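Participant: So the sequences go chain by chain: A and B.
Quick note on numbering: the first sequence equals residues 1 to 270 in this note's numbering.
Quick note on numbering: the second sequence equals residues 1 to 298 in this note's numbering.
What the hints contain is simulated information worked out from the structure, not anything from laboratory work.
Some hints could be false.
[Claimed, not checked] A few chain B residues that face chain A, going by a derived Cβ cut-off under 7 Å, partial list only:
(1) Ser42
(2) Arg159
(3) Val166
(4) Ser167
(5) Arg174
(6) Arg221
(7) Ala226
(8) Ile228
(9) Thr232
(10) Ile236
[Stated by the list, open to error] Where chain B lies over chain A, by a calculated footprint (3+ residues, C-beta under 8 Å):
(11) 85-92
(12) 200-214
[Stated by the list, open to error] Taking beta-carbon pairs under 7 Å as the criterion, some of the chain A residues facing chain B (in silico):
(13) Phe15
(14) Pro80
(15) Ala179
These numbers were taken from a predicted model, which means no experiment stands behind them.
Here a beta-carbon is modelled for each residue, glycine too, at the ideal position from N, C-alpha and C.
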Amino acid sequence: MSNVVLSVTNVGVSFAGRQVLDDVSFEIRQGEFTGLIGSNGVGKTTLLRVILGAQRPSHGGVQFPIQDQATRNRPLGYVPQKVVLDPDVPMRARDLVALGLDGQRFGFCRRTKAQRAAVEQALRDVDAVDFADARVGTLSGGQQQRILIAHALISHPSLLLMDEPLANLDPKSVQEIVALLDRLSKEQGVAILLSAHEMNALLPVMDRIVYLTGGRAASGTTDEVVRSDVLTALYGHHVDVLKLHGRVLVVAEPGQDKSDIPDHANYTIS
Amino acid sequence: MHFLVEPGFWSNQPVRTALLVGALSAIVSAVIGVFTILRSQSFAGHALTDVATTGGSGAFLFGLSPLLGFVGGGLLGAGAMDAIGVQRVRSRDLATGIVLGAATGLSALFLYLDATTTSTTGAVQQVLFGSIFTVDRSLLVPMVALSALVLVCVGTIYRPLLLSSVSPELARARTIPVRLVSLLFILALAVSVGLTAIVTGSILSTALLLGPAATALRLSRNLRGALILSVTLGVITTCLGILLAYDSSAWVSSGQGLPVSFFIVLVTFLGYLVAGVPALQRRVKGATVDAAPTGGCH
Numbered sequence: 001m002s003n004v005v006l007s008v009t010n011v012g013v014s015f016a017g018r019q020v021l022d023d024v025s026f027e028i029r030q031g032e033f034t035g036l037i038g039s040n041g042v043g044k045t046t047l048l049r050v051i052l053g054a055q056r057p058s059h060g061g062v063q064f065p066i067q068d069q070a071t072r073n074r075p076l077g078y079v080p081q082k083v084v085l086d087p088d089v090p091m092r093a094r095d096l097v098a099l100g101l102d103g104q105r106f107g108f109c110r111r112t113k114a115q116r117a118a119v120e121q122a123l124r125d126v127d128a129v130d131f132a133d134a135r136v137g138t139l140s141g142g143q144q145q146r147i148l149i150a151h152a153l154i155s156h157p158s159l160l161l162m163d164e165p166l167a168n169l170d171p172k173s174v175q176e177i178v179a180l181l182d183r184l185s186k187e188q189g190v191a192i193l194l195s196a197h198e199m200n201a202l203l204p205v206m207d208r209i210v211y212l213t214g215g216r217a218a219s220g221t222t223d224e225v226v227r228s229d230v231l232t233a234l235y236g237h238h239v240d241v242l243k244l245h246g247r248v249l250v251v252a253e254p255g256q257d258k259s260d261i262p263d264h265a266n267y268t269i270s
Numbered sequence: 001m002h003f004l005v006e007p008g009f010w011s012n013q014p015v016r017t018a019l020l021v022g023a024l025s026a027i028v029s030a031v032i033g034v035f036t037i038l039r040s041q042s043f044a045g046h047a048l049t050d051v052a053t054t055g056g057s058g059a060f061l062f063g064l065s066p067l068l069g070f071v072g073g074g075l076l077g078a079g080a081m082d083a084i085g086v087q088r089v090r091s092r093d094l095a096t097g098i099v100l101g102a103a104t105g106l107s108a109l110f111l112y113l114d115a116t117t118t119s120t121t122g123a124v125q126q127v128l129f130g131s132i133f134t135v136d137r138s139l140l141v142p143m144v145a146l147s148a149l150v151l152v153c154v155g156t157i158y159r160p161l162l163l164s165s166v167s168p169e170l171a172r173a174r175t176i177p178v179r180l181v182s183l184l185f186i187l188a189l190a191v192s193v194g195l196t197a198i199v200t201g202s203i204l205s206t207a208l209l210l211g212p213a214a215t216a217l218r219l220s221r222n223l224r225g226a227l228i229l230s231v232t233l234g235v236i237t238t239c240l241g242i243l244l245a246y247d248s249s250a251w252v253s254s255g256q257g258l259p260v261s262f263f264i265v266l267v268t269f270l271g272y273l274v275a276g277v278p279a280l281q282r283r284v285k286g287a288t289v290d291a292a293p294t295g296g297c298h
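Please model the entire structure based on the sequences and the hints provided.
Facilitator: Here is the structure:
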């Protein structure tokens, strides 16, 4: 229990009478890589907003057991789902990373030598030194993700929340970003909660999974959760889990609504 | 030197005041202008200049200080925009348009009354297109104070403003009070527009607000450089405009100099066009590189 960085307990959220999240509970420990998996619209972003404190739950709560007692700051880094960076703005990648350190600070202040060194280190950590001086809006999707990760991690949070960071990336960039996050979680001991509607790219690195559907969640290791009996109970109708060539496929039985199965057009999670 | 500077330029008191007032408002506008463009609030900036017109024309009508009218009008307009919803992207243009329409209607009334009921000559010309050579020296102190206030405000919120301008999502994620920062910025914008209206008139103050900043953003590699270049260009543009307007009295037979605001806008516009050349060259170079055949196995 001592190394739990996030505890979500019986969280429920409803909008206009519609239950978006219903009694969602799970824990994340230091250095764990957790995938928050579910199809579009099941409440992944809402859950992340609850964790961030931007959305008040109708019941339940969120705790950060190792909250910084000195500053009362929640030890969170966050990469939002949609970050539109204008290529015409002369904001260098390194400047955006530096704002991860002091972007919230009011008042006049110059960055210290140690802060500038921290920016360089953060750029090195995400292999972004080569394009650190380029306008961040002109970078590729994968390069921008590296910069956003450095922006989020430079203040050394114990938990990094990422909302669909792999969406709109090509398969090679997806592999590179997932490998980078895996390395960072191991090297820096930062826990990662990454939301995605695609599970397979995360299978090699995921320590735990929070599988979300119909407002309810099942959590545990991939082997504990991605099983026919667990997902059948979660969906409320029979689904099969097939493992083929290292990939997982969730298949609903004929006649069932597949809209809440991630990437249901393929009857799979991937 | 006579072909550049007509005699009496440096010793002329109204010219000295104009240079001081012009440089001051150019500095403030240049800083605010960079953020106005970054935040895609150019329309709001332009609308506030028109709202300042309402304040300026009202000040003439009621015999108040023009600075009070321009700045007060801008602040009221900014407050109205904020209250209606300038913070939310979808309703921003709508709120700006509604306030702009209402203010323009009021300006039309005030300017009509200025022209028909007051003895002030040239009020319409002065409000809309400025008259920097007739600025009262007593305005210097309040203008310096307002300029300092705006610059201190922007300096205080610089980093949260920068992050929320580049990406409101990232700013919210860092628990920055984006709404408060936006409100402070639009109030600073309103004051800046009011100061510029004294120099170029309210109609043309958009040029000084956006021109140097847009040129600087085209040419700079980073934001700090853009801010420094924007201020430099703003001051040079304004001083050059004042010089050309002063010199122009020797160019026309009537001996009446041409309006300062015309020259400031002309220099600003030409500067922006010239700044486009390097950007165009980069684009052409990039297209050439993209089109060039690459080596490798066939």
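Participant: Against each hint, give a clear statement of whether it holds in the structure.
Facilitator: We went through each hint and held it up to the structure:
Checking Ser42(B) against chain A by beta carbon gives a least distance of about 13 Å; that is not within 7 Å, so the hint is violated. For Arg159(B), the interface hint holds, the least distance from its beta-carbon to any beta-carbon of chain A being 5 Å, beneath 7 Å. About 6 Å separates the beta-carbon of Val166(B) from the nearest beta-carbon of chain A, less than 7 Å, and the hint is met. Given hint, Ser167(B) at the interface with chain A, holds; its Cβ is 5 Å from that chain's nearest Cβ, closer than 7 Å.
This hint holds: Arg174(B) has a C-beta 5 Å from the nearest C-beta of chain A, less than the 7 Å allowed. Because the smallest distance between the Cβ of Arg221(B) and any Cβ of chain A comes to about 6 Å, under 7 Å, the interface hint for this residue holds. Restraint check, Ala226(B) versus chain A: the minimum CB separation of about 5 Å is within 7 Å; hint holds. Nearest Cβ of chain A to the Cβ of Ile228(B): about 12 Å, over the 7 Å cut. The hint is violated.
A cut of 7 Å between beta carbons decides the hint on Thr232(B): the least distance to chain A is about 15 Å, and the hint is violated. The beta carbon of Ile236(B) comes no nearer than 20 Å to any beta carbon in chain A, farther than 7 Å, and the hint placing it at the interface is violated. Given as covered by chain B, the region 85-92 of chain A passes the check, having 7 residues with a CB less than 8 Å from a CB of that chain where 3 are the minimum. Check result for the region 200-214 of chain A against chain B: violated, 0 residues qualifying (beta carbon to beta carbon below 8 Å, three or more required).
At its closest, the beta carbon of Phe15(A) sits 18 Å from a beta carbon of chain B; the interface hint therefore is violated under the 7 Å criterion. Annotation: Pro80(A) was flagged as interfacial toward chain B, and the flag holds, the nearest CB pair being 4 Å apart, inside 7 Å. A least Cβ separation of about 24 Å between Ala179(A) and chain B goes past the 7 Å threshold, and the interface hint is therefore violated.
Figure legend: structure checked against the earlier numbered hints; hints not met, in rising order: 1, 8, 9, 10, 12, 13, 15.
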